[in-house]
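Enquirer: Sequence:
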Amino acid sequence: MKKLSYIIYSFLACSVVFSSCEDPIELDLGKPVDQLVIDAVINQTTDTQFVYISKSVAYLDNSAPKGYAVDSVGILDTSTSQFHSFTYKGNGVYFFVPPANTFQYGKDYTLFVKDGSNTYVSQSRLNSPAIIDSFTYKWEELGKFGGAKGNYVTLWAKDKKGKGDYYWFRLYRNDSLQARASDINIAQDNAFNQDGNGDGDLFIVPIRENFTRRPYKPGETARVEILTITPEMYLYLNLILTQLNNQGLFAVPPSNIPGNIFCINDPEKKVLGFFGMTGKISTQKLTIQ
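Residue numbers (the numbering used here): 14 to 302.
Derived from the structure by calculation, the hints contain no laboratory data.
Hints are supplied without guarantee of correctness; some may be wrong.
[As the list claims (entries may be wrong)] When the alpha-carbon atoms are kept at most 20 Å apart in a straight line, the in silico EDC-like pairs for lysine to aspartate or glutamate are as follows:
| hint | residue 1 | residue 2 |
| --- | --- | --- |
| 1 | Lys282 | Asp47 |
| 2 | Lys68 | Asp279 |
| 3 | Lys293 | Asp121 |
| 4 | Lys230 | Asp279 |
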């Protein structure tokens, strides 16, 4: 009995000692500085093209970024010096409806954003798209990539001939772009590594079939876009993937992802976001029966 009382007393004493060490420490993180964010992914089609401009929010601020209006937005064709002005729609959204052949493969284009005394620029090349053969679905009794049994889609498409092509695959499910971290699907040539062994071949299975772990139900629709992107945009998307999956024992402190947009009159002024010209091709909308 005395031994038991001693153990209980020792436990309580330790609890008091260790609990007394839990003093709160308040850190002065300073006043957060909002930064300009410019996102512009432009393609060669006659679809309406958009540039999104906003101001960043503090890391601990859970509110959504708000749109930001600037003086002017446009894209310059560096080969012809023709300037395409974008129209302000509201809430930081600028748009342009291009006539056919406005943006052409193999040409370089420069984004210009004027905000007061500051001018922000970025340059990108428009590369031609990949080749799509067909887009199908199939019932998989054992599921796919960890998903339950059901209907799964397959994109039958080939990498372009020649090493050094980069792609971004975007899935639309029931006309809604799937934009979670697990939905970012990118490739170098026909695979994940640029070894050149599969140059010009079908995209490998983990690319052409790994679009979702949630099988499709009858009546649902699917469509896939392939964007041919620049090496810089491939690296940028890779960095986004790293940040979105940054967790666990070896996680590193989160940080802003460097983009490719710069302030020409003040190189020290930081701006976030990315400008990329992309060659786009899309499958037909597939309806699951």
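Enquirer: None of the hints should be skipped; say for each whether it holds.
Expert: Going down the list of hints, with the structure as the test:
1. Lys282 - Asp47: holds, 12 Å
2. Lys68 - Asp279: Holds, at about 18 Å.
3. Lys293 - Asp121: Holds: Lys293 and Asp121 sit about 16 Å apart, inside 20 Å.
4. Lys230 - Asp279: violated, 53 Å
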